[in-house]
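Let the sequences and hints guide you as you build the complete structure.
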Amino acid sequence: MEFQSLKHLRGVGIPELRHSGIIAEKDNLYLVQELLGPTLEDLFNFCERRFTTKTSLMIFKQMIERLEHVHALGIINRDVKPENIMMGLQNKSHIVHMIDFGIARSYINKKTGKHIDFQTGKNLVGTARYVSANAHLGYTLS
Numbered sequence: 001m002e003f004q005s006l007k008h009l010r011g012v013g014i015p016e017l018r019h020s021g022i023i024a025e026k027d028n029l030y031l032v033q034e035l036l037g038p039t040l041e042d043l044f045n046f047c048e049r050r051f052t053t054k055t056s057l058m059i060f061k062q063m064i065e066r067l068e069h070v071h072a073l074g075i076i077n078r079d080v081k082p083e084n085i086m087m088g089l090q091n092k093s094h095i096v097h098m099i100d101f102g103i104a105r106s107y108i109n110k111k112t113g114k115h116i117d118f119q120t121g122k123n124l125v126g127t128a129r130y131v132s133a134n135a136h137l138g139y140t141l142s
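At position 2 of the sequence shown the residue is numbered 2 (full-length UniProt numbering), and the sequence of numbers has no breaks.
Hint data in this document are derived by calculation from the structure and do not stem from the laboratory.
Mixed in with the good hints there might be a few duds.
[Stated by the list, open to error] List of simulated lysine-lysine pairs, DSSO-like, C-alpha gap at most 27 angstroms:
| # | residue 1 | residue 2 |
| --- | --- | --- |
| 1 | Lys7 | Lys61 |
| 2 | Lys81 | Lys61 |
| 3 | Lys61 | Lys92 |
[Said to hold, decoys possible] Pairwise CB distance ranges (calculated):
| # | residue 1 | residue 2 | range |
| --- | --- | --- | --- |
| 4 | Asn28 | Thr55 | 36 to 44 angstroms |
| 5 | Ile95 | Ser20 | 40 to 48 angstroms |
| 6 | Lys111 | Arg18 | 20 to 28 angstroms |
| 7 | Ile95 | Ile23 | 25 to 33 angstroms |
| 8 | Tyr130 | Tyr107 | 15 to 23 angstroms |
Virtual Cβ for every residue (Gly too), placed ideally from N, Cα, C.
Next up, the structure:
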């Protein structure tokens with residue numbers, strides 16, 4: 001899903017997909033993306049685990065923009081966490097990037113074009129520490 005998501009999601013704060021392919025002898029897919037800077041977790045540790053209010057608001061605003069962009073295209077990331085948020089490099093060092101769409105999925109039913117049905121009893125998807133209460137309860141994520 002990550003390859004399809006990155007091709008579909010192009011935009012500010014989404015890693016640019018530079019190349020992809022299959023290693024024939026191993027039948028493995030590979031992705032080459034733009035080089036990014038530190039993760040939010042690394043940056044937070046570098047700042048002695050304290051962000052100023054201004055920095056926190058800048059990061060939060062951009063993450064809301066990324067989530068809105070992804071959701072507007074009918075995709076839910078399902079693995080948003082500090083390790084999957086990265087800063088850009090050089091002239092993009094102020095831009096927050098959302099990475100790792102490996103477990104992302106569409107929340108639009110391709111046959112009906114409508115929102116996927118609500119279901120219960122689903123397995124936990126994502127990192128337990130960061131998922132929503134609904135994910136812990138086994139509800140469909142959307």
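Evaluation of the provided hints:
1. Lys7 - Lys61: Since the Cα atoms of Lys7 and Lys61 sit roughly 24 angstroms apart, the hinted pair holds (cutoff 27 angstroms).
2. Lys81 - Lys61: Holds, because 15 angstroms separates the two Cα atoms, which is no more than 27 angstroms.
3. Lys61 - Lys92: holds, 16 angstroms
4. Asn28 - Thr55: 36 to 44 angstroms: holds, 38 angstroms
5. Ile95 - Ser20: 40 to 48 angstroms: violated, 23 angstroms
6. Lys111 - Arg18: 20 to 28 angstroms: violated, 33 angstroms
7. Ile95 - Ile23: 25 to 33 angstroms: Since Ile95 and Ile23 have Cβ atoms about 31 angstroms apart, the given range 25 to 33 angstroms holds.
8. Tyr130 - Tyr107: 15 to 23 angstroms: holds, 18 angstroms
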